[in-house]
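Protein chains: 2
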Amino acid sequence: MSAFTSGKKKNTKPCVMYLLRRGDPTMFETFWRGPIGESATLVIPGYQTMSYFSDVGNLCWFLEPGFEREVRRLHSLVGNAAVEGYHVLVGTGSSQLFQAALYALALPIADAPVSVVSTTPFYSMYPPLTDFLNSGLYRWAGDANAFDGNDYIEVICSPNNPDGSIREAVLKSKSGKDIHDLAYYWPQYTPITHMLAHDIMLFTVSKCTGHAGTRIGWALVKDKEVAQKMSKFMEQSTIGVSKDAQLRAAKVLGAVTDGYEHQLAAAAGGDANLLFHYARRKMAHRWCALRAAVAASGIFSLPNEVAGFCTFTKDTVTSNPAFAWLRCEKQEVEDLESFLRENKIITRSGTKFGADQKVVRISMVDTDEAFGIFVNRLATIK
Amino acid sequence: MSAFTSGKKKNTKPCVMYLLRRGDPTMFETFWRGPIGESATLVIPGYQTMSYFSDVGNLCWFLEPGFEREVRRLHSLVGNAAVEGYHVLVGTGSSQLFQAALYALALPIADAPVSVVSTTPFYSMYPPLTDFLNSGLYRWAGDANAFDGNDYIEVICSPNNPDGSIREAVLKSKSGKDIHDLAYYWPQYTPITHMLAHDIMLFTVSKCTGHAGTRIGWALVKDKEVAQKMSKFMEQSTIGVSKDAQLRAAKVLGAVTDGYEHQLAAAAGGDANLLFHYARRKMAHRWCALRAAVAASGIFSLPNEVAGFCTFTKDTVTSNPAFAWLRCEKQEVEDLESFLRENKIITRSGTKFGADQKVVRISMVDTDEAFGIFVNRLATIK
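Line order of the protein sequences matches chains R and D. Just so you know, full-length UniProt numbering puts 185 at position 185 of the first sequence, and the rest follows in order with no gaps. Just so you know, full-length UniProt numbering puts 351 at position 351 of the second sequence, and the rest follows in order with no gaps.
Take the hints with a grain of salt, since some may be wrong.
Keeping only pairs whose Cα atoms sit at most 30 Å apart, straight-line, the calculated DSBU-like set for lysine-lysine is [stated by the list, open to error]:
| no. | chain 1 | residue 1 | chain 2 | residue 2 |
| --- | --- | --- | --- | --- |
| 1 | D | K224 | D | K174 |
| 2 | R | K232 | D | K232 |
| 3 | D | K344 | D | K358 |
| 4 | D | K232 | R | K352 |
| 5 | D | K232 | R | K358 |
| 6 | R | K232 | R | K314 |
| 7 | R | K172 | R | K232 |
| 8 | D | K232 | R | K344 |
| 9 | R | K229 | R | K172 |
| 10 | R | K344 | R | K358 |
| 11 | D | K174 | D | K229 |
| 12 | R | K382 | R | K344 |
| 13 | R | K344 | D | K229 |
| 14 | D | K358 | D | K330 |
| 15 | D | K358 | R | K352 |
| 16 | R | K352 | D | K224 |
| 17 | D | K358 | R | K232 |
| 18 | D | K330 | R | K232 |
| 19 | R | K314 | R | K330 |
| 20 | R | K358 | R | K314 |
| 21 | R | K224 | R | K314 |
| 22 | D | K330 | D | K314 |
| 23 | R | K314 | R | K352 |
| 24 | D | K314 | D | K358 |
| 25 | D | K382 | D | K358 |
| 26 | R | K222 | R | K232 |
| 27 | D | K314 | D | K382 |
| 28 | D | K174 | R | K232 |
| 29 | R | K229 | D | K224 |
| 30 | R | K352 | R | K330 |
| 31 | D | K352 | R | K229 |
| 32 | R | K232 | D | K352 |
| 33 | D | K229 | R | K229 |
| 34 | D | K232 | D | K174 |
| 35 | R | K224 | R | K174 |
| 36 | R | K224 | D | K352 |
What follows is a list of derived Cβ distance ranges for each label pair [to be verified]:
| no. | chain 1 | residue 1 | chain 2 | residue 2 | range |
| --- | --- | --- | --- | --- | --- |
| 37 | D | D356 | R | R69 | 40 to 48 Å |
| 38 | D | T313 | R | V43 | 30 to 38 Å |
| 39 | R | D143 | D | T351 | 41 to 49 Å |
| 40 | R | D143 | D | E334 | 34 to 42 Å |
Derived by calculation from the structure, the hints in this document are not laboratory data. Glycine is no exception: its CB is placed at the ideal position from the N, C-alpha and C atoms.
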């Protein structure tokens with residue numbers, strides 16, 4: 001059964017747990033209902049955004065200039081990724097940009113499809129995104145550590161979905177190519193320790209601000225030819241990317257940056273207008289609650305807490321991954337996903353991520369209500 | 001060179017002709033700047049549309065209920081396609097739905113990719129949309145009339161892009177499948193003669209209302225299993241479709257239907273709130289002007305004018321295709337696209353549509369300014 005069609009029903013408590021199977025970032029909604037919400041309101045008159053074209057002089061001709069501007073402003077504020085000298089591309093979520101990167105990096109005239117690999121545990125969507133059309137250009141080849149060869153595309157997700165680990169490429173061949181999926185490299189999830197400057201870096205509004213339904217991601221790409229090919233992918237696949245969605249994303253990203261700039265100007269306290277501070281505080285509370293529940297239960301374990309100096313917030317902080325990678329230490333439990341389902345906690349099995357059955361992934365970014373029910377149930381499992 | 005990256009520059013007269021190479025439906029902008037525009041304005045607060053999910057009980061879980069409602073209302077108003085008993089699916093433009101239909105109709109376990117065919121001249125994007133990922137599921141096989149075999153997917157575009165002809169399937173095997181691309185089956189382009197009820201019918205906001213930049217298309221699908229597979233394609237490819245874009249499309253489609261309902265209620269005259277009447281009048285003027293220019297020049301020809309009784313407007317009208325399929329009758333001109341480019345008219349060659357070099361496709365839905373320059377230049381070519 002699909003991860004997205006699990007029969008979840010709204011407003012019925014036993015089923016609210018289904019939400020934790022997906023990383024639906026509804027946690028952020030409370031922030032956007034706060035004082036900053038007003039400035040993020042989008043108004044589009046009936047006659048706007050009618051043309052296919054956004055910026056005909058740009059190699060990504062469907063990229064709204066206002067969206068590109070806000071992407072550059074936000075990275076400059078946070079310092080998590082270099083933008084100087086990079087091409088900005090927009091995609092219908094970062095899933096589309098991931099496929100665009102495969103398309104751009106694969107050799108169209110090769111005898112065999114290029115192998116796509118990632119270190120286990122890897123994001124469960126990478127294999128189907130690579131293979132669902134049975135493309136002759138690329139083929140999923142599993143764990144990067146088990147790969148033997150020189151030609152490959154290695155996907156590095158850091159912080160990693162599902163386990164939150166900080167990662168670097170494990171393969172080092174000159175003819176190999178890397179895609180860096182940095183969806184979670186934002187201050188609410190992890191200390192920002194470096195301004196990254198990889199060849200292809202993918203981001204998404206979903207995980208940055210919580211606007212998953214807008215379906216907007218972006219890529220920072222160093223090489224012009226690769227950027228052109230990626231843009232070509234979006235052109236073929238969907239004749240570009242919705243302008244309305246881009247305007248929405250620009251509004252939301254702009255509100256985040258404005259929140260910090262205005263706060264500095266006003267020297268005011270509180271974090272109601274500071275997305276990353278607000279969200280980091282909430283995430284840290286949730287991780288405390290989860291670790292307490294795990295300790296109370298006594299049969300589970302989590303990855304060790306990791307701390308570092310955050311160059312954005314200028315303090316030493318622990319990481320608060322968007323997912324909990326929960327392992328069961330009880331010998332009799334062989335299939336943790338099933339075991340938790342019996343306890344009305346719906347998660348995604350480690351097998352989907354190239355790992356074993358004794359581990360599951362759980363969303364840490366769902367609503368307060370869903371998260372509260374989850375930790376309470378977890379604490380009582382013996 | 002890509003059809004979308006032709007180096008077109010804004011506001012420079014010699015280059016304005018580049019627009020006619022694409023079917024960018026900017027003609028409609030004047031309508032949306034009129035009295036109806038106000039009611040089509042979209043407002044989205046910062047906290048809305050955050051979740052991935054739109055309607056968890058629907059097989060197309062990312063379909064906004066308000067968008068589905070407006071799709072059904074509009075078809076009920078126009079009478080061009082059956083909606084009763086059909087599943088509505090949303091896509092990032094109808095290009096994505098076309099690929100979703102190929103994915104749903106192909107057999108994943110087949111030895112060889114299924115052949116995708118369409119009668120010549122066919123829409124120039126069908127071959128690259130089918131083949132750009134070198135899929136093992138389906139493969140472009142050209143002209144339907146030249147196809148020999150029982151297993152195929154036939155694409156029927158009616159009215160046809162590029163030549164405006166009304167089409168039916170030419171292949172009749174029991175194991176063959178059809179996709180009906182009805183992007184242009186709206187009253188501004190052609191008389192609505194039947195309420196169509198094919199298995200898979202594709203539509204797009206671009207050609208219906210002119211909102212190409214919103215990137216929203218929809219499919220009406222009879223079979224539940226096919227609809228599920230098509231929905232699965234959008235899930236894999238882009239994790240659904242932008243909610244903001246769907247809300248925009250819903251607003252625009254709703255304004256069109258409201259325009260007719262309010263007009264009837266007020267018994268008012270004029271067509272400023274009646275999209276199809278307004279657009280049909282403009283299209284008819286343009287076709288008159290084009291036929292006059294062709295006659296003045298003396299070296300070109302166009303498909304014959306076709307008329308029929310329109311069940312929507314309840315009168316007999318001629319068709320006004322969104323593209324002119326212009327043929328050159330002058331013996332010395334072998335490559336019409338190049339010949340017209342020398343005359344500063346940028347078009348798309350017949351070769352892109354599976355036809356010959358002596359014919360080109362020209363957009364009839366561009367701005368008044370671009371269209372005016374075009375017909376004036378055309379009339380003077382001898």
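inquiry  = Output the indices of the hints that this structure fails to meet, ascending.
reply    = 6, 15, 18, 19, 20, 21, 22, 23, 24, 27, 28, 29, 40
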